[in-house]
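Peer 1: Please arrange chain V on chain L, whose structure you already have, making use of the hints.
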Amino acid sequence: MSTGEYSSTGLTRAELRELNRLAAIAVPASAEYGVPGADDAVIFADIVGSLGRDTNAVREALGLLRDIAGGDFAGLDRATAAAAAMALLGRDEPAIAALGRVMLQCYYRDHRVMRALGREPRPPYPKGHDLEPGDWSLLDAVRSRPPMWRDRDQRGK
Amino acid sequence: MAADDTPDTARPRDETVDVLIIGAGASGAAVAWSLAETRMRILCLEQGDWIKPSDFPSNGRDWEARRYADFDISPNRRARDTDYPINDDNSAMKIANFNGVGGGTILFTAHYPRLHPSDFRVKTLDGVADDWPIDYWTLEPYFAENDRMTGVAGLAGDPAYPPHRPTLPPVPLGRTGTRYARAMNRLGWHWWPSEVAVATTEYEGRAKCVNLGHCTPGCAQGAKASVDITYWPHALRARVELRTRCRVREITTDGRGMASGVVYYDAQGMERFQPAEIVIVAANGIGTPRLLLNSASARFPNGLANSSGLVGKNLMLHPWPQVIGYVDEELDGDRGPQTVMWSKEFYETDPARGFVRGYTLQFSRGTGPANEAITSAAAGRLPWGKDHHRVYRTLLYRRLMIGVACEDLPEEHNRVTLDPVLKDSHGIPAPRIDYTIGENTRRMMEHGIARASEILAAAGANNIAASRVLNSPGHLLGTARMGLDPERSVVNAWGRCHDVKNLFIVDGSIWVTSGGVNPTCTIQALALYIADNIKQRLATLFD
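Each protein sequence line maps, in turn, to chains L and V. Position 58 (the first sequence) corresponds to 58 in the working numbering; numbering is contiguous. Position 373 (the second sequence) corresponds to 373 in the working numbering; numbering is contiguous.
For the record, the hints were derived by calculation from the structure and aren't laboratory data. There's no promise every hint is true.
[What the hints assert, rightly or not] List of simulated lysine-lysine pairs, BS3-like, C-alpha gap at most 27 Å: (1) Lys52/V - Lys208/V; (2) Lys535/V - Lys501/V; (3) Lys127/L - Lys423/V; (4) Lys423/V - Lys94/V; (5) Lys208/V - Lys127/L.
With the rest of the complex left out, here is chain L (with noise of 0.2 Å):
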């Protein structure tokens, strides 16, 4: 896909093209599951959409993913991207859990990614969920317990 698009959100062509690469490493489409990747068009667009808040930590992440690749990470080999992306995501630093954020709750919003989930594609409001009532025999055991509070005022007992 063309990248140049994007141009105006925030992120260079070039660290679009990363964005994007990172994205198909990190979450790769499956046909064993029938999913898409993180780098389909529809689901990187709506990433790219959303970075908001997330921009300036995303284009932190990209470039320790450069300084990681020793360069143009999107120009590596498949072997040596997939360790650069690796490399990164493993660390444990606030500008890679906002890079993480920003890929993994656009893509399980995707209806595609939903429906192969066996979730229905929509928000919770207004259908709401039904919940089974539960087992509430069970609280018989506890309801037979003696008054478990402290009182020094002894005034409820």
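Peer 2: The following block gives chain V in isolation, referenced to the frame of chain L:
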């Protein structure tokens, strides 16, 4: 620094009101409603907006993402123009709040336990901190009144509490609660369905919960009892005036040392003066000390009502580790109110545990698809790359999660001060938080984590892990404490400032100790109790 006299400069001066309330959240709404019957002229200034039900995230497909954006619990992350920044860089817990009509109840999980009788007698029973100047039984009628106004779902008969009867049926146990309950019975430990501020049946014009499962960032159904839909409609019908987008900069005083009103910025950003006969602060445990410290003057050089030096000190935030595990069947996930039951097995002091006081175990259902992925990836449970999809399917809707709500004891070095650099959009100095977790609480946290892990194991969970990253629950307590001794407290036993006899505080600032429960229910009962004292003492209120 404010002058010691009522300002009469060029700024517009509004008509004097009898009662001015600062903040339209949990306590401000309750006190406004209670005082309305006096027919006094009552005005509330709120820095935020009304939030429309259609604004809540659960209306849209981006409902999970917005928890990390405009409905994030951190004002620094949320950064709405109605928020003020908080410097929490030097705090072991990050600060959570919400600024708007409803305040923190807009973003609360609606878990609604009362403080226990022993929480008011900590010094006497356990030899730590201080006793409150009031007790559980003083508040009991106000708990009951607040329950009626709120609509509290729950079940009478919990042996962990004095007898009381919640107004509505409990939330469903569901598959998740049933799994927890079997484990607790196997261990022989106490559990009970949580009391939650959720309408499980239609109640006072509010719709019944339909299990949107996304209670925390607002309820589009209107089943969660945020005070914008409980107390405020009643207060407004009783002619209380509520002005939004009005940010108070300082409380002014007159030549007698009485509060004379406030200087605030209105919705257009214009600086105004609002005179008042009585000022009631309801701005939460951080906003209130910030305002008092920003109200320093020649007469009150260390901040208003601060002759004790305790304004801003003794901040308590409730450290709240979480333990998560996964089972091999699909559970409730994000369906239904998040909190399902509690355990008080370890609430009361047992010296054999190596710490005093105790904690509530709060049992939660799971979480949504995106949040499961985000939190599990961050925790290292969910890999990136080719194994991502397989592992994700072992996590989604299979989560059990127990929160450990630890009592936080008051320590003066945990405090709110004014940041020397950071300011809000009106140029008002922002709060700075210095906070560490005490040793007693650390031992309590580890004990709770170990017990929660045992419960999850008994429930058949694997992949059990504890999170000690404390993204605050948003309980802001203790920074203008209540007491009988003016040298050791900021307000008296009914919320009036020792130093300023027409200035009252009704929010979580006045708590002496924190207990190990979510505080909103008790904050509101306290506000009703203080309002009742004001009403009963009107003839001699300033004596």
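Peer 1: May I ask which of the numbered hints given earlier this structure violates, with the numbers listed in increasing order?
Peer 2: 3
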